[in-house]
Amino acid sequence: MSSKDRILSRIRRAASGPDPEVPRDYLRVHAVRTPAERVDLLAAHLTDYRATVHRTDGDGLPELLARLLSRHESVLVPPGLPPYWLSAAGPARIHDRADSTPAALDRVGSVVTGCALAVAETGTIVLDGGPDQGRRRITLIPDHHVCVVRVPGQVVDSVPQALERLDPTRPLTWISGPSATSDIELDRVEGVHGPRVLDVVLLDAQ
Amino acid sequence: MTGTDLGMPAFPPFPEAAREAVHDEVLRANLRHATHTIRDKRARAVAELDDWDRLRAAGKAIKDHTLRHLDRYLLQLEAAVTAAGGTVHWAVDADEANRIVTGLVLATGEREVVKVKSMATQETGLNEALEAAGIAAYETDLAELIVQLGHDRPSHILVPAIHRNRGEIRDLFRSEMGRWGRPAPEDLGDDPRELAEAARLHLREKFLRAKVAVSGANFMVAETGTMVVLESEGNGRMCLTLPETLISVVGIEKVVPTFRDLEVFLQTLPRSSTAERMNPYTTMWTGTGTGTGTGEGDGPTAFHLVLLDNGRTDTLADEVGRQALRCIRCSACLNVCPVYERAGGHAYGSVYPGPIGAVLSPQLRGTANPIDATLPYASTLCGACYEVCPVAIDIPEILVHLRERVVQGGPVTREGVRVRIRPAHGHTAERAAMRAARLLLDRPGALRAGERLLSRARRLRPQRLPGPGRAWTDTRALPDVPAESFRDWWARERKAPQK
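Quick note, the sequences are listed as chains A and B, same order. Quick note, the first sequence lines up with residues -12 to 193 if you use my numbering. Quick note, the second sequence lines up with residues 8 to 506 if you use my numbering.
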């Protein structure tokens, strides 16, 4: 008998008793909010977890990004990033090629991406590997991540609403503030292995 | 330490281990500070959600429903993972899981792996098995790194190095890091920020060159084959994204039916665990992404999922004890437990310490050895653990159930076979006392005579019981004998004229 068959037959002998109906009476959202309130809550919760939040509109975006990137010599750029976003930025643009090694990407200081959506109640941005986000590793290795969220369209209230809009077959990364640890005396320290600086740009796309 | 003796009789029974631990003042101070901090923060994070009780009930029901149809959901999961380019392996026990993983690593030609914190691989003793095969396994979670550098054992589910303070960690980094890779700076201080920076630099070279990673998972979604890992530091993302080969060892109870079910646990787990609205990073991946092409070329090109039984199906066979399989490893029960706070995690002699460990370890491993037979007693039954549990595991109920099994013996399932275990040694006197009590309580005349005799001789009451009763009074004060029994008092009062 294979291990698979053995485990399955043990389960069939062991599982018994009632089969509960899952109660789904928990809340889909925890408050009714206007789009503006939703964006404000996202900003407040991102700030709580030490992300730096900026607000701008389409006209101001290139200059804001240029300012945020000014300390870096190079920046990673996902394949489908709208070109005008970086039209005023100085750093050399590096593309993530199939043969780029992690060590090579480690020499790049920053990365600019869009996102799939953002969750206001938890202060979370979600990446799904879309063209303006690129592969997961480019938002992981550089020490600085600038993430642009189009508001209010990309902002949902809650975790249940976020899952409804996401495609589970895509590689998903949920980011709530910069990398952190509480492993030393349960004292929270920002910045371990992921990007230590997270700038979130709320781009007014109305 | 090898896989098979992990948590086995090499460890002293809980009362002995706990007695030592409670006299360690540094340990007690470290634990008190840490557990109290997180306790208050958790309460605030939970209070933010008005529907907490409903989320808790839903989480419980999702897990119970899944366990009821575990065979079906595991098969569905296997099909989905395979369709997405992954390979699924099944391991009956720890040895088989270790053999599978070791074989997979050797087949890649690599001799080192990076690891994401995983309870399942600690349970199987995978690191030791890999070492025996000439493979170096590097733990990358900061607390796991501290434990590994110190040749220490984890003492908390979420923060395995909770028993170490910053000064101890600095000393450890200074003396040990250089032996495994990039050394810590000479002038390393004890500020957590500096310590985290030292770990970042030490591990970075390992992440960038790693070809193979080993992980666990918090959830596996049956309908889509999606694996979910919640973490804080980014070491998880490094291991799950950069290497070419990813091997995940996951307990069979970690499956949930649908992607939507995550909406419950992604709200309850972070708040229960680190007291955050959301943990910094959560990674979700489906096979190698080749099934639909949506994730192709992003992340590992080979993905292996090892489904681990190792006592879980035996636990499932116990109608009371099976609720422990709902556990999502948040560790809230450890942080509120008065016994854990004082005894620390090592006293539990298992990778699963605290209240959940006291019910999980004896079920996964059986109550045959002394440590597992004493674990159901490592509790005051105060119920704080049940109160905070995000999947409503009634830990006190299981503790009492397991105590009954230890004392009385009875039917259990071991390795899939229904057997009868005999009462544990050391409880003979207790059973004799219970028999005597039954005899006495059935005969009111004898009881009255006995009570009067005791009252008259109350000045002679010893501090401790002699003979077989001695063990009982080791940890308890013998109650005072009243001058008059309740029954006599009642009879006298009732006869007295009403005022």
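Note that these hints are calculated values from the structure, not bench results. Hints should not be assumed to be uniformly reliable.
The calculated lysine to aspartate or glutamate pairs, modelled on DMTMM-like cross-linking and capped at a C-alpha distance of 20 Å, are [unchecked claim]:
(1) Lys213/B <-> Glu119/B
(2) Lys213/B <-> Asp46/A
(3) Lys(-9)/A <-> Glu103/B
Indices of hints not satisfied (ascending): 2
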